[in-house]
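Assemble chain B onto chain A, guided by the hints.
Protein chains: 2
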Amino acid sequence: MPPDPFFAGPGLDRADHLRADPVAILALLCDGEARELVWDNGAPAIDEQGKLRWGPIVGDPPLFLGFDGPSPRFSSLPDGNAPIDARAHFQLLSQLDAAEAPTFAAALSLANWHRRHGYCSVCGTVTDPNRGGWSRKCGNCGAEHYPRVDPVVIMLAEHDGRLLLGRQPHYPPGRYSALAGFVEPGESIEDAVAREIKEEAGIAVVNVTYLCSQPWPFPSSLMVGAHAEALDDSLTIDTNELDDARWFSREEVVAALDGGPAASFQAPPHSAIARTLLERWVDGLK
Amino acid sequence: MPPDPFFAGPGLDRADHLRADPVAILALLCDGEARELVWDNGAPAIDEQGKLRWGPIVGDPPLFLGFDGPSPRFSSLPDGNAPIDARAHFQLLSQLDAAEAPTFAAALSLANWHRRHGYCSVCGTVTDPNRGGWSRKCGNCGAEHYPRVDPVVIMLAEHDGRLLLGRQPHYPPGRYSALAGFVEPGESIEDAVAREIKEEAGIAVVNVTYLCSQPWPFPSSLMVGAHAEALDDSLTIDTNELDDARWFSREEVVAALDGGPAASFQAPPHSAIARTLLERWVDGLK
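The listed protein sequences derive, respectively, from chains A and B.
Its first residue numbered 1, the first sequence is counted upward by one per residue in our numbering.
Its first residue numbered 1001, the second sequence is counted upward by one per residue in our numbering.
These are calculated hints, taken from the structure and not from any lab test.
Glycine is no exception: its CB is placed at the ideal position from the N, C-alpha and C atoms.
Be careful, since some hints might not be right.
Claimed, not checked - Here are the simulated distance ranges between beta carbons:
1) D1258(B) <-> D31(A): 49 to 59 Å
2) L26(A) <-> A1024(B): 52 to 62 Å
3) F90(A) <-> I1237(B): 38 to 48 Å
4) S234(A) <-> T1239(B): 52 to 62 Å
5) D232(A) <-> K1051(B): 29 to 39 Å
6) Q95(A) <-> H1270(B): 42 to 52 Å
7) Q168(A) <-> K1051(B): 17 to 27 Å
8) D1243(B) <-> G69(A): 25 to 35 Å
As the list claims (entries may be wrong) - Rough simulated footprint, nothing fancy, chain B against chain A, three-plus residues with beta-carbon under 8 Å:
9) 141-149
10) 187-199
11) 207-217
Extracted from the complex, chain A is given alone in its bound form (with noise of 0.2 Å):
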């Protein structure tokens, strides 16, 4: 079985139950066990091992991660003025070992929430951490405000034995990958599912199955993998959302899986559950 998409897994204990005691919290941060994650031009720093680097506590950082066994874990927010760069936020997955990016992904999503939370969206307010750092809370009005998820379909439609891949714009030259978007406000996840491949290719699909989910904290997604069954393979593509889709055969994905030079298009990299769907595909998991 191929392996589970990159950044799902346990990552640190969250230790919820502590989050509503700041006094709890106090005391883990004078813990001598307690270490401060490091953080490079606004991620989490990786070391040479591609593991996150941690560092003594200074200050008062406000989120607590969780545990590392008996370690207590904290963060400061890297410093709110400098611009996110997701495209070189994305560039460190390469370096980075498995096994740490669940917290990698925990630790970006939030800072990356907080930097772009400051304010009570009910009365325009300055708010402050809470929870460590697990919400922020409005002095003015009360509300309380928690990170947002923003579930994703990402979807292999298939139509005699062939999937549907397609080409975003911003994407680098000959790769082709799932189809995406946003679960909407009503929806479930069948439903975005059957949408998305309606609006951005014009094919209807039936049978949509779940396949399985990854945090993608670009900024804070979770990517909801699905396979579903199209009724015909005919394409009409929205041209504001993808250059080009096409249908590929299981030779043509095994090929682009492999990387070699016969590949007709390339896969999407590891860190992409889109990649882990089209090796289940490919192994007949579906």
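Relative to the frame of chain A, chain B by itself:
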């Protein structure tokens, strides 16, 4: 096969491609077939047949919900100062035709999101509806904000042929239902299922499998239904979250779904995905 979860289904044609075209939306507002959703006490109004009530266009409703056949459908934002009475809205579901439920969910989630997102979270400035009401835009810093969809895992943990169900403090007397909790940043669906069961009931699970999903507009959840295998049945209940949690046999679940005098607990209502999960489990579909 049991029915799909309430609130799941196609609903209106959302015509997403028109949202970025304010001239097209204005033309649709002047279309003789255009209709506007009627609101009652902060929720979409329901007629005696369980259908949503629609009236003529009044003024300039900011939400473009999509098409019902050739008829463009719009909504105003209900009075922003009235408190949201989620409990009263929930009571409406017993009167609502299932075919209308996806549109009810989309309109209610979207309206409630607008009510609580009048200010820019980045800079604190008042924002305006944008993209036919499917986003809000800040005129000061330029940030665009999209409606929240908050993924929640809801799951049946099974051990030795019995299911783990719990009672939240606000449940009606005798009610037990599936454990549930929000997916957090940096988590896959499978990771969230395992963490929530561990936190609330103290047991470890393996082999998490997805079952079905449902939008839940109180205010904006995406319920993700799952099954998991518990490694043991020795419970440590988090009494901050749950009044109680117990293991129930197949016979007890069948009796509760039947609702007769033999039931040892009260099953969740028809609108809740938790009931769909129980129905599917009983049917052996897991």
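For each hint, the structure was consulted:
1. Separation of D1258(B) from D31(A) is about 53 Å and conforms to the stated range, judged on CB atoms against 49 to 59 Å.
2. Between L26(A) and A1024(B) the beta carbons are some 56 Å apart, a value that agrees with the proposed interval 52 to 62 Å.
3. Taken as a hint, the range 38 to 48 Å holds for the pair F90(A) and I1237(B), whose Cβ atoms sit roughly 42 Å apart.
4. In this structure the supplied range 52 to 62 Å holds for S234(A) paired with T1239(B), their Cβ-Cβ distance being about 58 Å.
5. Checked against the hint of 29 to 39 Å, the pair D232(A) and K1051(B) passes, with Cβ atoms roughly 33 Å apart.
6. A hinted range of 42 to 52 Å for the beta carbons of Q95(A) and H1270(B) is consistent with their spacing of about 51 Å.
7. With their beta carbons about 40 Å apart, Q168(A) and K1051(B) fall outside the hinted range of 17 to 27 Å.
8. Take D1243(B) and G69(A): their Cβ atoms lie about 33 Å apart, and the range 25 to 35 Å holds.
9. Counting residues of the segment 141-149 of chain A whose CB lies closer than 8 Å to any CB of chain B gives 6, so the stated coverage by that chain holds, three being the minimum.
10. By the rule of at least three residues with a Cβ nearer than 8 Å to a Cβ of chain B, the coverage given for the segment 187-199 of chain A holds, with 8 such residues.
11. Against chain B, the segment 207-217 of chain A contributes 6 residues with a C-beta closer than 8 Å to a partner C-beta. That satisfies the three-residue criterion, and the hint holds.
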